Amino acid sequence: MSAPSHDAGSGRMRITLKIWRQEGPNRPGKVETHFLPDVSPHMSFLEMLDVLNERLIASGLDTVAFDHDCREGICGACSLVIDGRAHGPEALTTACQLHMRHYSDGDTIHVEPFRANAFPVLKDLMVDRSAFDRIISAGGFVSSPTGSAPDGNAILVPKPDADRAMDAAACIGCGACAAACPNASAMLFVAAKVAHLALLPQGQPERERRALAMVHAMDEEGFGSCTNHFECMAACPKGISVESIARMNRDFALSFLKEAPDLPTGSSVG
Amino acid sequence: MSPTPPQLDSKCPSGPISERWDKHRFELKLINPANRRKFHVLVVGTGLAGASAAASLADLGYRVSVFCIQDSPRRAHSIAAQGGINAAKNYPNDGDSVQRLFYDTVKGGDFRARESNVYRLAQISNQIIDQCVALGVPFAREYGGGLANRSFGGAQVSRTFYARGQTGQQLLLGAYSAMMRQVGSGRIALYARREMLDVVVIDGVARGIVCRNLVTGAYERSAGDAVLLCTGGYGNVFYLSTNAKACNVTAVWRAHKRGAYFANPCFTQIHPTCIPVSGSYQSKLTLMSESLRNDARVWVPKQKGEPRPPHNIPDEDRDYFLERRYPSFGNLVPRDVASRAAKERCDAGFGVGTTGLAVYMDFRDAIRRDGEGAIRQKYGNLFQMYAKITADDPYHVPMRIYPAVHYTMGGLWVDYNLESTVPGLFVLGEANFSDHGANRLGASALMQGLADGFFIVPYTIGGHLAGRKLPAVSPTDKAFEDSERSVRERIDRILSIGGKRTVDSFHRELGKIMWDHCGMARTGSGLAFAKQGIQALRSEFWENSRVPTSSAGLNQNLEHAGRVADFLEFAELMIDDASQRSESCGGHFREESQTDEGEAKRDDERFSYVAAWQHEGVGKESTLHREPLAFEYVRPSQRSYK
Amino acid sequence: MSRFGKALASSVGKKIVMGLSGLMLLGFLVEHLHGNLKLIEDPSGAAFDDYVGFLKSFGPLLVLAEIGLGLLFSAHVYLAFRLTLENIQARKQRYVVRNNRGASTVGSVSMFYTGAIILGYLLKHLIDFRLDPRFFDAPHAAVQAKLSQPGHAAVYLLAAIVLGIHLSHGFRSAFQSLGLSHPRWNPLLERLGKFVAFLFAVGFAAFPMYYLFIRER
Ligand SMILES: Cc1cc2nc3c(=O)[nH]c(=O)nc-3n(C[C@H](O)[C@H](O)[C@H](O)COP(=O)(O)OP(=O)(O)OC[C@H]3O[C@@H](n4cnc5c(N)ncnc54)[C@H](O)[C@@H]3O)c2cc1C
Ligand code: HEM
Ligand code: SF4
Ligand code: FES
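Chains as they are written, first to last, in our numbering: chain A, 124 to 393; chain B, 2 to 643; chain C, 147 to 363.
Chain A extracted, bound-state conformation (with noise of 0.2 Å):
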């Protein structure tokens, strides 16, 4: 791709849109199908369907509420799946950066919410997904008040390992990988930030405690078990490997030989 194609020819296209309506938790759900005439390439997938908001509307209709922010890849907001996949056909994208340049003229396009018991649709393709939060708020930290840090370059931290603990950092907190496991498992989100937090030194004090804690949460928000599908990398946006599964796993396995403070108890994200 080295010639300019950014605003090449118009090339307008029809798409049909088999789109999951919901009106709110616990209701029933349906497939509603809608046709847009004039699509252009050039278009984020969001902003197609903004297009579709904006014709609902001039048709007196409830326009498809979906979650996104940043519009940009990294606030983890955007939740679609597109034909099946999370995040959609391209790999290493969220569904906002997804662009329609990736689809032909006529196509038929199913989005869905994410899905799995932990995050409950709210309304059409938004679900809630604070149990991330709640998995966080068990154990996904370094206990560092504020005032209390040494100088910065006091604790040195090896390239290699700042670089690994950054990939695994990554994570934008999306969900993909839940939603794309065939478990429903949110393995890779909770391994992410164990690996992250356990790469460093200022990690290590809290390190197997912090694995077994998140587990527990991960395990009472319902997610499913982790059987090394794989699909979560697959589906991940940002490229979080399963390598940080297994250490996790192996931070879990060794705590069993520890002996290791009580857990925290109950948290309250309302």
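What the hints contain is simulated information worked out from the structure, not anything from laboratory work.
Only a predicted model underlies this, so the values are computations on that prediction, with no experimental measurement involved.
Note that the Cβ used here is the ideal one computed from N, Cα and C, for glycine as well.
Take these hints with a grain of salt, some might be off.
Per label pair, the in silico range of CB-to-CB distance [claimed, not checked]:
1) B:Gly554 - C:Leu265: 49 to 55 Å
2) B:Glu606 - A:Pro273: 44 to 50 Å
3) B:Leu625 - C:Lys238: 56 to 62 Å
4) C:Phe174 - A:Ala214: 39 to 45 Å
5) A:Ala214 - B:Asp318: 35 to 41 Å
6) A:Thr231 - B:Ser583: 56 to 62 Å
7) C:Phe150 - A:Asp230: 33 to 39 Å
Here are some chain C residues the structure puts well away from chain A; computed CB gaps all over 12 Å [what the hints assert, rightly or not]:
8) Ala211
9) Glu232
10) Lys270
11) Arg280
12) Asp283
Dock chains B and C with the ligands against chain A, hints included.
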């Protein structure tokens, strides 16, 4: 100039600037640790400012409730910051110091910021890095294991700390995790998917807020002893900006209507390196980090309507206009300067791309010098993002960029304690009028947000909580009831308009007015024209907009409508502010006030003040108050980057 | 529940037990295969009969080992049922359209089914030999009698293939579950897993094939 009105007492301590913060902290009242849990602090917003404040206050023992619009506090817009965060650590031993960071910030802000605040910011900057490292932020490292630095946004020293191209994400996740630890411990109650729609003021003191639960549609009242607004910037008044879609003016605007003065609303930053607009459906703009300019050369063809593709244009036919105009800073001139230079070339007809509103940002020479691998190492994720959006390969074809709205220096007026003109209402982060004057330096917003939240408000809030009588209030008090009613009435009114135009179309039209007349260049007549346009658009909005009603409470259109309604009121204040300031300074460029070479010309005689606006009612002229700015330590000079 | 018990009952704890028990069962299979090979090594059957006699000579110790093996199996099977059910339960509302991205394999998606077939086969296998009092009188003859019948041989053949499929995912997966993973060794482990699966499938398939096609001629 008239004396400072009493409401605008900045409460800056006196004495040598380097001792002011220490002195002030000593003078602030402390609260007995056992008593802290009796105080309840409401924190609105969970970006860097809000998350760090909530975590620190809970660490101290206060009870805290936090609110945010997104489904998770981790998605606050701070997540999108790419480039880095400044600190005066001087690890590279290249001559940086607190003094130099202070100086650069005051100068970069074109002498429209408070010296005391900026000095404090520079002092605190180092502690922020320490705190973030301790929280596990995976900053870039040197092979020896020490923290890596780069030079950013034209700074002559390397003082920017970064985590690949995702510094904001990593810092926010650090602050978020600190906050979530306290959520786990029960000290913080977290309320996501809530939009704050009013501040409740009782006996002149901010004592609560009213939110709309964005899932159920219910109105929720929260009472507390202090309210912290950490709700980010209002760049989306331009519709197209690099801000996330939910960024809004609503929280600060409602507070403004309750008595908080709005300072310097016209100070907005236009970032030079964004991916250009490609079509009318465009919903937002994407920033290409400023760090790219370290290795890129910006140019346009020398010939208008140049037919050759960029990689076939030889050097002698290229106009490296930044290097030409600013030989000493070259491609690294500050944002406002770089943006205007690009606009100048495009206005003169040398722009590239189908719209003619773009310039090239070329990595060819850097790739030849350092190899593609080295460039990939540094900017891989940015190049990938660019390729995804444009389908161009920036390793072989120069990027096309154009300026876009990025940051708002204006915000609610606050004193040295970060307290607004409404006692008990504190404003942090991008939401306050901040320490960046008329132009923010790259990598300084993250620093400021974390300074405010980690290390300033936790002390200064004590002055309010210990110093004022705070009788018990309850969400059932009349003030809360009145506030909820007004909020409810406004929303019901929006739902009942039943016109023909979509909210989005109003927002786009408003954005166009603002971009054309209150964007990179402003003129008195253009502003007057815009003011009329905004008023007309606002009336039309209230007569002809259409928001679908939704059986359930969740109604994203209604949320958007409420924000656009506020933007339509706020935009007028921006215009008023830009009109009264007939000088050019920083990001505010009045065409009437430029040097012979077309550079911004300040007028310190008349405009060395903070413009703080008092609300008098929608459609009524706001009252302007001036907080004079005195410069004791940095001599105001005309900025020059030649 | 004790901390240890709670950890064991967690999703990761269960997987650790699953992986350990799976690998231990594999260990048993190695020995089993080794013993069975005597059937082919020595067509007279004497070597095999000696081997069975040798095992038998352990007396109560053998019973103890078998109980251990039984427990191992029970744990593996119990957890297999629980995990499978829980994982189905974790997504009550299914996708209308679902596509994977090619990371999951025939082996990975069929673990429960291949496991269940192995379980069914195992019962038959036990009834055929271990639980048949006549077996210990003349082990080799009993094996030959069964496996020469095409119907029985087909079941044994099928079971061997199914075991291979189970292991094609299970071997690699157990290492991941136990946290034994390294970017450098993982590709090797991946291939080793396929190889082990193939080896066991061929190994155990060898016996029905042998009696069906070679021995008869
Ligand atoms: C693309 C991009 C790149 C940037 N890169 C850099 C950089 O490299 N370096 C740098 O220093 N700065 C950078 N900036 C600027 C910097 O990111 C922001 O100024 C800063 O993060 C703002 O933080 P904040 O905490 O003030 O607000 P935000 O992070 O914007 O948080 C606002 C919070 O308020 C909540 N909120 C808003 N309104 C309401 C309401 N009505 N009710 C309830 N909650 C509400 C939101 O939900 C959110 O939680 C960048 C900005 C952009 C757009
Ligand atoms: C000799 C017999 C068997 C061997 C050698 C064996 C081996 C293994 C191994 C190595 C694993 C991988 C463990 C992991 O992923 O951590 C596994 C998983 C599994 N086994 Fe078996 N197994 C055997 C019998 C059975 C039986 C009888 C069942 C009964 C249903 C069964 C069901 C499963 C299931 C469902 C899994 C996947 C569980 C998960 O990954 O969560 N297996 N097995
Ligand atoms: S691991 Fe990947 S898929 Fe899962 S939440 Fe993080 S970024 Fe999303
Ligand atoms: S909208 Fe932020 S990642 Fe897609």
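Hints, verified against the model:
Evaluation of the 49 to 55 Å hint for Gly554 (chain B) and Leu265 (chain C) yields a pass: the beta carbon distance comes to about 50 Å. The hint said 44 to 50 Å for the Cβ distance between Glu606 (chain B) and Pro273 (chain A), and at roughly 48 Å that hint holds. Look at Leu625 (chain B) against Lys238 (chain C): about 60 Å separates their beta carbons, and that is inside 56 to 62 Å. Phe174 (chain C) and Ala214 (chain A) have their C-beta atoms about 41 Å apart, which keeps the hinted 39 to 45 Å range intact.
Checked against the hint of 35 to 41 Å, the C-beta distance between Ala214 (chain A) and Asp318 (chain B) comes to roughly 39 Å, which is consistent with it. Between Thr231 (chain A) and Ser583 (chain B) the C-beta distance comes to about 58 Å, which sits within the given range of 56 to 62 Å. Range check, Phe150 (chain C) to Asp230 (chain A): about 54 Å between beta-carbon atoms, so the 33 to 39 Å window is missed. Consistency note on Ala211 (chain C): stated as away from chain A, and its beta-carbon is indeed over 12 Å from all of that chain's, at 25 Å minimum.
At roughly 6 Å from the closest C-beta of chain A, the C-beta of Glu232 (chain C) falls inside 12 Å, breaking its exclusion from the interface. Remark: the non-interface label on Lys270 (chain C) is consistent with the geometry, its nearest Cβ contact in chain A lying 27 Å away (cut-off 12 Å). The Cβ of Arg280 (chain C) sits about 41 Å from the closest Cβ of chain A, beyond the 12 Å cut-off, so the non-interface label holds. Non-interface call for Asp283 (chain C) relative to chain A: holds, since the shortest CB-CB distance, roughly 43 Å, exceeds 12 Å.
The structure fails hints 7 and 9 (numbered hints given earlier, in ascending order).
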